[in-house]
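Position 36, counted from 1, in the sequence shown is what numbering that gives the first Met the number 0 calls 35; the numbers after and before it change by one each time, with no gaps.
Any given hint could be a false lead.
[To be verified] In silico DMTMM-like links for lysine to aspartate or glutamate, alpha-carbon gap of 25 Å or less:
no., residue 1, residue 2
1, 39, 66
2, 48, 70
3, 38, 59
Treat the hints as calculated values from the structure; they're not laboratory data.
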Amino acid sequence: MDHNWFLLEGVVGTGSSRKSAVNSMLWHMGSDIPFVPAKKTGGFCFGGKIAPIFYNTLQDSGAFPLELNVDNLEHGKKIILKTLFW
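Could you build the full structure based on these sequences and the hints that come with them?
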C-alpha cells in the first residue's frame, strides 16, 4: 500500500510566490511525472483555510487541497481518507 505525504496547516498560501511554494511542497510529497524532469505531481494539502489562488495552483499541479478543521491533528497521527464513488 502506498503512503502519501500530507501538509497540515491552519492557514495555507499567505506567503510569497504560490507557484514556488507549491513546487517546494510537491518536491517533498509529490510523485515523479514520467519523462518530465524536475517536476512532481500529487499529494494532499489539508488546511483550516487555504487561500483561493493557492488552492487553484495546487489543483493545477495535481495535488488535492482540502479545507477542514485540523485542530485535533498532530504529528505522527495516521489519517485514513475514505472516498465515496457515486
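To see whether the hints hold, each was checked on the structure:
Proposed proximity of residue 39 and residue 66 is supported: the alpha carbons are some 22 Å apart, at most 25 Å. Between residue 48 and residue 70 the alpha-carbon distance is near 12 Å, which keeps this suggested pair within the 25 Å criterion. Our distance criterion of 25 Å between C-alpha atoms is met by residue 38 and residue 59, whose separation comes to about 13 Å.
The structure shown violates none of the earlier numbered hints.
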